[in-house]
Every structure is written in structure tokens, then in C-alpha cells.
Amino acid sequence: MSEDSKTPSVILENVSKWYGQVMGINDISLAIEGGVTGVLGPNGAGKSTLFKLLMGRIKPSQGSVKLFGIDPWSDTSPYRRIGYVSESERLYDWMTAQDFVSTLARLHGMTREEANARAEHVLDFVGLHDVRHKEIGKYSKGMRQRVKIAHALVHDPDLIILDEPLHGCDPIARTSIMNVIRELGRQGKTVLVSSHILEEIERITEQIVILHNGRLLALGNLYAIRDLLDKHPHRIMITTNEPRKLASAFISEEPVYGVRFPEDGKLEIQTNDLSAAHSVLPRVIVNSKVSVSRIDNPDDNLESLLGYLIGGA
Amino acid sequence: MSDEQINLDGGQTRMEAAYGSDDGDNDSSAIVAKKEASLGAIFEQNYRPWDGNLGPRWVRNYAIFRHHVFGLFTSKGHRHYNPFVRLTILVIFIGAISPIAMLFFSSLFGAGPDSFIDKMWGINRSNLWGQVLGYFPRNLCYWPLLTALVVGGMISDDRRNGTSAIYFSRPVTRVDYTLMKYLSVAVVLGFVIVFSYMAYYTLAIVFKGEGWGFLIDTLPMFLSGLLCSLLLVITYTSIGLALSSISQSRFFSAIAFLSIIYGTKLVALLIDLQFETSILYILSPYDCLAHLGQWLLGLELNYSHSLSLSVVSLIMMNVISIMILISRVSSLEVTRE
Numbered sequence: 005m006s007e008d009s010k011t012p013s014v015i016l017e018n019v020s021k022w023y024g025q026v027m028g029i030n031d032i033s034l035a036i037e038g039g040v041t042g043v044l045g046p047n048g049a050g051k052s053t054l055f056k057l058l059m060g061r062i063k064p065s066q067g068s069v070k071l072f073g074i075d076p077w078s079d080t081s082p083y084r085r086i087g088y089v090s091e092s093e094r095l096y097d098w099m100t101a102q103d104f105v106s107t108l109a110r111l112h113g114m115t116r117e118e119a120n121a122r123a124e125h126v127l128d129f130v131g132l133h134d135v136r137h138k139e140i141g142k143y144s145k146g147m148r149q150r151v152k153i154a155h156a157l158v159h160d161p162d163l164i165i166l167d168e169p170l171h172g173c174d175p176i177a178r179t180s181i182m183n184v185i186r187e188l189g190r191q192g193k194t195v196l197v198s199s200h201i202l203e204e205i206e207r208i209t210e211q212i213v214i215l216h217n218g219r220l221l222a223l224g225n226l227y228a229i230r231d232l233l234d235k236h237p238h239r240i241m242i243t244t245n246e247p248r249k250l251a252s253a254f255i256s257e258e259p260v261y262g263v264r265f266p267e268d269g270k271l272e273i274q275t276n277d278l279s280a281a282h283s284v285l286p287r288v289i290v291n292s293k294v295s296v297s298r299i300d301n302p303d304d305n306l307e308s309l310l311g312y313l314i315g316g317a
Numbered sequence: 008m009s010d011e012q013i014n015l016d017g018g019q020t021r022m023e024a025a026y027g028s029d030d031g032d033n034d035s036s037a038i039v040a041k042k043e044a045s046l047g048a049i050f051e052q053n054y055r056p057w058d059g060n061l062g063p064r065w066v067r068n069y070a071i072f073r074h075h076v077f078g079l080f081t082s083k084g085h086r087h088y089n090p091f092v093r094l095t096i097l098v099i100f101i102g103a104i105s106p107i108a109m110l111f112f113s114s115l116f117g118a119g120p121d122s123f124i125d126k127m128w129g130i131n132r133s134n135l136w137g138q139v140l141g142y143f144p145r146n147l148c149y150w151p152l153l154t155a156l157v158v159g160g161m162i163s164d165d166r167r168n169g170t171s172a173i174y175f176s177r178p179v180t181r182v183d184y185t186l187m188k189y190l191s192v193a194v195v196l197g198f199v200i201v202f203s204y205m206a207y208y209t210l211a212i213v214f215k216g217e218g219w220g221f222l223i224d225t226l227p228m229f230l231s232g233l234l235c236s237l238l239l240v241i242t243y244t245s246i247g248l249a250l251s252s253i254s255q256s257r258f259f260s261a262i263a264f265l266s267i268i269y270g271t272k273l274v275a276l277l278i279d280l281q282f283e284t285s286i287l288y289i290l291s292p293y294d295c296l297a298h299l300g301q302w303l304l305g306l307e308l309n310y311s312h313s314l315s316l317s318v319v320s321l322i323m324m325n326v327i328s329i330m331i332l333i334s335r336v337s338s339l340e341v342t343r344e
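Those sequence lines, one after another, are chains A and B.
Using the numbering used here, you'd call the opening residue of the first sequence number 5 and step up by one each time.
Using the numbering used here, you'd call the opening residue of the second sequence number 8 and step up by one each time.
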């Protein structure tokens with residue numbers, strides 16, 4: 005294995021960025037390699053600052069940013085291996101998607117034939133093959149987002165950075181773009197994707213980076229991070245016609261350390277070991293002979309995790 | 008109705024078969040869509056890696072250059088120039104080469120060296136200077152308008168639309184970006200100004216059937232004029248691109264360029280008329296070039312101030328313009344710094 009292949013695509017070491025008195029990013033260190041990683045956080049968390057640092061748009065006030073082991077501020081060579089979709093970037097509306105993507109392919113040094121063939125392939129990949137000869141100005145928002153993804157993929161990058169790629173898209177376009185992102189992750193590309201829409205990040209990946217007020221709150225697998233939050237027990241919500249009877253059956257089980265009745269017909273079980281609680285669940289329900297109509301894990305999702313981490317829930 | 012008539016293996020339901028039937032008057036059986044008919048489609052997202060080699064720096068830079076220059080001829084895959092802009096550039100180019108037509112007529116009529124046509128359009132010091140630096144119509148109408156139209160949106164469009172991010176998220180340095188924009192403008196201006204000058208000189212020799220002696224006599228003058236035309240292209244490109252880089256509007260950069268060229272000239276002219284001093288012409292890019300051109304071509308100088316002041320002013324204009332250009336491009340897409 006070469007030295008280059010051992011180096012993670014993205015390395016940030018003690019990176020801070022101040023805008024005057026305002027802290028954009030505060031002492032962040034992380035390394036990302038392979039698969040899809042969701043970058044999450046509320047507005048002002050530092051997601052855009054992080055991407056601008058990665059794209060060499062701003063220089064870190066402190067620390068170092070490395071893409072494939074190279075500082076992108078002083079050397080543009082990593083961009084040969086990076087595809088970037090900006091949130092706000094405008095496109096050349098007078099061009100057709102085919103012309104636009106092939107023109108940008110030539111900015112990477114492809115020949116005309118290579119650029120045209122590659123543009124056709126990536127437009128096909130994002131589902132725009134049939135309309136590739138239509139002017140971009142006539143495209144819907146979702147189609148424009150897909151053109152952005154196509155132009156970011158045209159040179160077959162190893163690292164793809166997508167800043168709010170689902171922003172403003174209709175549900176069909178979102179589904180299509182999410183499929184594209186998942187497929188890129190399956191291909192072994194390193195994909196960094198930011199979004200405010202937590203459910204959609206959940207549908208794309210379990211690997212997340214959570215930022216808040218410029219600080220790195222969490223990094224890793226969504227469920228592994230959730231398990232680390234001991235002070236916030238997991239909750240299992242059971243809808244039943246006899247919640248008190250079911251509660252008395254559950255309370256003696258080891259993984260369960262508390263029960264609540266948040267509203268009529270509902271039982272909330274509190275546990276620190278979600279999988280163990282789920283393993284005893286069927287037996288207890290059957291033995292208690294209570295009718296259960298629904299079982300939920302209301303806080304086993306990204307939104308709850310984000311809430312716990314930033315103290316909003 | 009038999010199973011062959013409704014082929015369930017083909018994915019057709021009985022309801023769909025019923026929808027496919029006619030009114031039933033002639034035939035009691037349903038007409039079933041063919042087995043291969045499609046009622047929907049699932050798109051496979053099959054990403055195919057690319058294993059080619061990306062080209063070197065000069066190939067990428069050439070892509071930027073051709074994007075801007077070829078856009079004058081076709082917008083397909085290139086920068087968009089308004090058809091009116093293209094038409095105006097064509098008219099200016101035709102205007103710039105119009106003396107060639109007069110020389111052609113002169114050669115047809117066999118006009119002598121002292122004829123009116125030859126004095127007006129033949130090869131001599133004044134006409135070589137005038138082909139590049141003559142005030143009317145070239146420096147009053149043609150060259151400033153041409154520059155304003157070409158540089159107008161060259162960087163300001165990127166600034167307004169954020170399309171410079173398209174370049175800077177690729178292995179294109181800001182130096183490459185600036186150089187290629189500069190070269191693109193200079194080549195378009197050069198094609199109209201320098202090429203028309205060279206064509207004028209070359210075709211004058213051809214049409215008049217001049218020999219080597221004439222060529223040797225006039226070549227130094229021609230080269231002086233050529234140097235003037237290159238300096239004019241460089242100066243106008245520098246000023247125009249600097250203005251384009253500080254604005255987000257192609258109109259502002261175009262009108263600001265015209266204001267600088269015409270405004271400085273007008274102010275200097277008024278001061279000259281009122282106080283009989285030409286010193287303020289050092290503020291006018293055109294007059295600095297005209298002054299230098301007169302000296303290079305051995306013409307009588309129209310300006311009372313020292314030539315060195317015009318040369319220094321010209322250098323300063325270019326240096327300041329390029330510094331502004333570099334500074335503004337350095338800050339492009341670099342946010343809140």
C-alpha cells in the first residue's frame with residue numbers, strides 16, 4: 005500500500021477560525037476517510053466554515069487542514085481529486101447540461117472526446133441523460149442540484165464535498181440525490197455531505213460529524229454515539245390498552261430501569277441498553293397477555309441525538 | 008378469456024387488461040398489452056469510475072482561454088456574449104480594416120504616390136500612427152467601445168454570480184485564472200487592433216506592388232506602430248480588467264472604463280485650452296500612448312510636456328491596474344476575511 009493511500013482524505017488538526025471577534029471553528033481535530041459522512045449542526049454551527057477551509061476559501065487562524073496530505077490553501081493540486089458542490093454556486097444558465105459539464109471537465113485537462121463521454125456518463129448517473137441537451141436555465145431546482153453533482157463527479161474525484169445538496173429540492177429530487185450519494189459511498193468514495201434535514205442524513209449514512217457553536221460535538225457512528233450518552237436513557241414507547249399491567253411486567257426486567265405513562269394508552273420504558281431491552285420485549289408482552297398496537301424508539305434518531313448533544317432537548 | 012390472452016407472467020394485472028380492451032362489441036376477449044410494454048421504469052444508478060489521465064496545467068489553462076475567446080464565435084460550450092456585442096465587435100473590426108478597401112481601390116485606379124487616396128490611406132508615418140492611435144474614429148469610438156464590451160463582464164460576472172467558485176474548486180490557481188482572463192481579453196483586442204494594423208500594412212504593400220526597398224524603408228515605422236498597438240492593448244486590458252474585478256456589474260465596469268478614457272481626455276483638453284498646458288494629459292491613458300507613439304514614429308509631438316512623464320504615467324497606470332486586479336482576484340470567493 006502506498007503512503008498516499010494510507011493518508012486519510014481529510015485531516016484537520018486543532019483547526020480554529022476567527023472572524024474578528026466571532027468564532028467560526030474552535031479547535032477541531034478530525035480525520036475522515038471512505039464512505040459517506042454527514043456534517044450536521046444548527047445554523048452558525050460552523051459547517052460552511054469547515055467546507056470553506058477544506059476548499060481553500062479561507063485560511064485557518066490556527067491549526068492545519070490537509071486534503072490527501074496537502075494544505076489546500078497553498079496548493080491547488082488536491083482539487084484534481086476533489087469534487088465540490090457549493091450551496092450557493094450559480095451555473096451557466098445559457099449552457100446545456102452536457103456543454104456545461106464537459107466544459108468543466110476540460111478545466112481538469114480532459115480532451116474534448118473524453119470530456120463529452122464523461123459528461124454524458126455522469127449526467128446519466130444523476131438521471132439527467134434525457135434532458136442533457138436542454139439549457140440549464142430551464143431546469144428545476146432539483147435538476148440544477150443534480151447538474152452540480154454531475155460537474156463535481158466528472159473527473160471521478162476521490163473526495164466529494166456536498167454543501168446542502170438537498171436544499172430546495174422536491175421529494176423526488178431528494179430521493180434521487182440521496183440515492184446518488186449512497187451509491188458514491190458504496191463505490192468507496194469519501195463523501196462529506198451537510199444538511200439541515202436530519203432525517204435525510206439518517207437515510208444516507210450513519211457516519212456523522214456534529215458541530216455546534218464552532219466546536220466538534222461528536223464524530224462517528226450515529227448509534228454508537230447515542231449509546232455513549234449515558235445520562236440520556238433510551239426510550240421505548242409502547243402503545244397499549246393496558247399500560248399499567250404491561251409496566252408491572254417490565255419493571256422487574258434487568259435492562260429496564262424506569263417506566264412512565266406520558267399519556268393515556270402509552271407506556272414509556274427507560275433503559276440504558278436498548279438492544280437488551282428489545283430482546284426481552286416480545287417475551288414480556290406475550291407473557292403479560294396485553295394487546296400492543298405500536299412500538300417506537302422515539303429518541304433513537306439523529307434529531308434526538310442532536311438535541312441531547314447541544315442541550316436543546 | 009384464456010390465460011394466453013391475459014399473460015400474467017408479463018406483469019399485467021386483470022385490471023390493466025380490462026383498461027386495454029375495446030368496447031367489447033366485436034370481441035369478448037380483452038386486448039392485452041404486449042409482454043415487453045413498459046408501465047414504469049427503475050433507473051439504475053451505475054457509477055463508472057474514470058481511469059484516464061487528467062491533463063497538465065497548460066491544458067487546463069487553455070480550456071479557460073478558449074472558453075472566453077471562442078465564445079465570440081459560438082456560445083455552445085463557451086462564454087456567452089450577447090449577439091449585439093458580437094455584432095458591434097464585427098462592425099468595429101470592419102471599420103478598423105476599412106483603409107484596406109481604400110488601398111485596394113487606389114491600386115485599381117492606379118493612383119500615384121501623391122494622390123489623395125495615397126496621402127489619406129497609404130503607408131506613411133502619420134497613417135501608421137493613425138491606424139492605431141488616431142483619435143477619430145479609432146480612439147474616440149472603436150477601441151474604447153471594443154474594450155468596454157469585452158472586459159465588461161469578464162470578472163464582474165463571476166463576482167456577481169459566484170461562478171469563480173467553478174474555477175477555484177478545481178486545480179486552477181488564481182494566477183492561472185487571472186492570466187487566462189487577461190490573455191483572453193488581450194487576444195480579442197489584439198485581433199481587432201493589432202491584426203487590423205498588420206493586415207493594413209501587409210496588404211498595402213501587396214496592393215501597391217511595393218518592393219523590398221519600400222519594405223526596408225517602412226519596416227522600422229511599422230514595428231514602432233506595432234509596439235504602440237501592443238502597448239495600447241496591454242494598457243486598455245489592464246485598466247478594463249481592473250475595473251471588471253472591482254465591480255459586480257458589467258455595466259459599471261464598461262461605463263467606468265469609458266469614463267476614464269473620455270473623462271481624463273476631456274479634462275486635460277479643457278485645461279489645455281484654458282491654461283495652455285498639456286501636463287494633465289498624463290492622466291489620460293490614450294494621450295500617454297499617443298505621445299509615446301508620436302515619438303516612436305518620429306512625428307512632431309503635439310504635447311508640450313516631457314515624454315518621460317507620459318511614459319512614467321503609462322507604466323504607473325498599468326502597474327496600479329494590475330495590482331488592483333491581483334488584489335481583487337485574491338479575495339474572490341474568499342469570504343469574510
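It should be emphasised that the hints constitute simulated quantities derived from the structure, not laboratory data.
Hints are not guaranteed to be accurate.
[Unchecked claim] Calculated cross-link-like contacts (lysine-lysine; reagent style DSSO-like; alpha-carbon spacing at most 27 Å):
| id | chain 1 | residue 1 | chain 2 | residue 2 |
| --- | --- | --- | --- | --- |
| 1 | A | K145 | B | K83 |
| 2 | A | K142 | B | K83 |
| 3 | B | K126 | B | K215 |
[What the hints assert, rightly or not] Stretches of chain B that chain A covers, calculated by requiring three or more beta carbons in the stretch to come under 8 Å of a beta carbon on chain A:
| id | region |
| --- | --- |
| 4 | 69-78 |
| 5 | 161-171 |
| 6 | 177-184 |
Keep in mind it's a predicted model, so treat the numbers as computed, not measured.
Every residue, glycine too, gets a C-beta built ideally from N, C-alpha and C.
Quick rundown of the hints versus the structure:
no., hint, verdict
1, A/K145 to B/K83, "holds, 22 Å"
2, A/K142 to B/K83, "holds, 16 Å"
3, B/K126 to B/K215, "holds, 13 Å"
4, 69-78, "holds (count 3)"
5, 161-171, "holds (count 3)"
6, 177-184, "holds (count 4)"
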